[in-house]
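Here the sequence shown stands for residues 162 to 446, where the numbers follow the numbering used here.
None of these hints come from the bench; they were simulated from the model. Among the hints, erroneous ones may be present.
What the hints assert, rightly or not - Keeping only pairs whose Cα atoms sit at most 16 angstroms apart, straight-line, the calculated EDC-like set for lysine to aspartate or glutamate is:
| hint | residue 1 | residue 2 |
| --- | --- | --- |
| 1 | Lys-244 | Glu-268 |
| 2 | Lys-244 | Glu-224 |
| 3 | Lys-401 | Glu-417 |
| 4 | Lys-275 | Asp-395 |
| 5 | Lys-385 | Asp-395 |
| 6 | Lys-353 | Asp-325 |
| 7 | Lys-246 | Glu-268 |
| 8 | Lys-232 | Glu-417 |
| 9 | Lys-346 | Asp-325 |
| 10 | Lys-346 | Asp-329 |
| 11 | Lys-263 | Glu-243 |
| 12 | Lys-275 | Asp-391 |
| 13 | Lys-317 | Glu-352 |
| 14 | Lys-317 | Glu-357 |
| 15 | Lys-299 | Glu-364 |
| 16 | Lys-345 | Asp-325 |
| 17 | Lys-304 | Glu-364 |
| 18 | Lys-286 | Glu-375 |
| 19 | Lys-382 | Asp-395 |
| 20 | Lys-346 | Glu-364 |
Keep in mind it's a predicted model, so treat the numbers as computed, not measured.
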Amino acid sequence: MNRAISISSVQRILQNPFYCGIFKFNGEIYQGSHEPIISKKIFESAQQVMSDRGKKNRRRKNEFAFLGLMKCGACGCSITAEKQKGHNYYRCTKKKIACPEKYLREENLLEQIKAFVQKASLSDKWAGNMLTELSKEKEQIQKEGNSFVQNLQAQKSAVEQKMDKLLDLFIDGQGITSEEYRNKKAKLINEKMDIEQEMRDFEQKGNNRLEPMERMILESKQAKILLSQDNTVDFRQFLKNIGSNFVLKGQTLGFEAKTGWRVLLQNQSFPDWRRKWESNPQTAF
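The whole structure should be built from the sequences, with the hints applied where relevant.
As structure tokens, this is what we get:
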């Protein structure tokens with residue numbers, strides 16, 4: 162029998178450190194021998210998000226959830242808010258010109274935001290398939306990385322051997338002058354330092370290029386939970402995570418989608434998303 166998973170059950174799953182490669186036994190933390198599903202950094206970020214959402218948000222009198230988020234799309238002024246007859250309304254401050262923009266009720270604004278969140282959400286099946294593909298790609302990158310590092314190590318060893326031979330020739334006085342020795346030694350040292358720098362750069366880079374995509378997929382899964390909770394504070398935060406430069410014009414919310422989210426919001430498929438990401442992960446979206 163298929164039964165829906167409760168929000169509390171989902172939270173317990175997300176709080177299980179087993180998924181990032183560690184586990185608790187008799188009150189102690191151990192590093193497991195299993196392959197982590199997500200990175201420790203992403204796991205800790207998820208804990209922080211859940212902790213922040215778990216805090217009670219004391220709502221002050223006339224506190225407006227989306228105040229300070231938007232600008233007027235017609236004149237560029239700030240958007241202010243006020244309460245009338247039990248409802249919150251957002252409008253242009255009209256400080257620059259006699260702006261013709263009309264009021265927008267918070268309930269109507271929230272419906273527009275929910276539509277964006279719905280577009281940015283992924284089904285469990287899609288998210289699962291995408292995470293599986295990323296896992297396979299990580300394994301391939303790891304294999305290629307090991308081969309790449311081994312090649313650099315071999316190059317470094319070859320340079321060090323040349324330096325040893327050069328020193329032996331110089332010490333034995335086998336037809337090499339001091340100037341020739343210094344010049345050749347300097348060239349080999351520079352070559353060795355370049356190889357070592359390439360190794361450090363590769364080690365720092367690691368698998369980082371896939372982490373933003375993985376983080377997006379996990380965040381998009383959380384969008385469904387967000388839609389079920391109907392928390393305006395969380396909606397505002399999610400909106401800021403996926404976009405910037407929010408404007409209100411013609412009683413319609415608009416914004417620029419951040420890296421990666423644009424494809425989801427345009428209802429494009431994962432192959433398109435992946436292709437654009439791989440072509441240029443920083444600017445493709």
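Verification of the supplied hints:
1. Lys-244 with Glu-268: holds, 12 angstroms
2. Lys-244 with Glu-224: Judged against 16 angstroms, a Cα distance of about 9 angstroms means the pair holds.
3. Lys-401 with Glu-417: Status holds; Cα separation ~10 angstroms.
4. Lys-275 with Asp-395: holds, 11 angstroms
5. Lys-385 with Asp-395: Distance of about 12 angstroms is within 16 angstroms: holds.
6. Lys-353 with Asp-325: holds, 13 angstroms
7. Lys-246 with Glu-268: holds, 14 angstroms
8. Lys-232 with Glu-417: holds, 13 angstroms
9. Lys-346 with Asp-325: At roughly 10 angstroms apart (the allowed maximum being 16 angstroms), Asp-325 and Lys-346 satisfy the hint.
10. Lys-346 with Asp-329: holds, 12 angstroms
11. Lys-263 with Glu-243: holds, 13 angstroms
12. Lys-275 with Asp-391: holds, 9 angstroms
13. Lys-317 with Glu-352: holds, 8 angstroms
14. Lys-317 with Glu-357: holds, 8 angstroms
15. Lys-299 with Glu-364: With a Cα-Cα distance of about 15 angstroms, the restraint between Lys-299 and Glu-364 holds, given a limit of 16 angstroms.
16. Lys-345 with Asp-325: holds, 12 angstroms
17. Lys-304 with Glu-364: holds, 14 angstroms
18. Lys-286 with Glu-375: holds, 15 angstroms
19. Lys-382 with Asp-395: holds, 14 angstroms
20. Lys-346 with Glu-364: At roughly 27 angstroms apart (the allowed maximum being 16 angstroms), Glu-364 and Lys-346 break the hint.
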